[in-house]
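Asker: Sequence:
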Amino acid sequence: MVQPWIDFLRSIFGGNYAVRDSKRSCVFCQKACREESNEIIYQDNRVVAFPDRAPAAKGHYLVIPREHIANGYCLRPSVEGDAELVRHMADVGWRLLEARHPRAPRKMGFHMPPFNSVGHLHLHCFALPHCPTWKRVKYADLTLGGRLPPVLGYISVASMLRRLGAEPSVRPPERGP
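154 is the number that UniProt numbering gives to position 154 of the sequence shown; each next residue is one higher, with no gaps.
It is worth saying that the hints were derived from the structure and are not from the lab.
Simulated crosslink set (SDA-like; lysine to any residue; CA at most 25 Å straight-line):
{"no.": "1", "residue 1": "K58", "residue 2": "K135"}
{"no.": "2", "residue 1": "K31", "residue 2": "F115"}
{"no.": "3", "residue 1": "K58", "residue 2": "A140"}
Work out the full structure, taking the sequences as your base and the hints as a guide.
Answerer: Written out as structure tokens, the structure is:
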């Protein structure tokens, strides 16, 4: 039912909007498997972080799980650990932003199909302002706190946590990565 719409949007916008993606062909899985890389700025046993290749803000980083999860729709309230993974990704993002852009306002969230460009869950972490300014539209959460579907394809961390039935507050950690 959803796949025809995804195929239609892919034909219009191009890019990789696959709901399911092979781990072998996933560019983020390949990046997460590398033990050493100049691109990786943080890694632990659950996540890897690196700068976005096309920054949309003064600071723009991606935090990805090592496990292949195609997108935010694969996360479920009933799956133990999904909300905790989102919270861990956000904690890593906050620490990176605090260490690299301590005075900048911050924003974090996920793109959802069919508007994601890579078929692997990834958290966008921004040190604002957006550059160029119009990019803020691409990364606007219009879900009313997770009560509506992500019409423009972007959902904040707090809205994602609400969607997963978890406490939406994400407290910045006390120290950097």
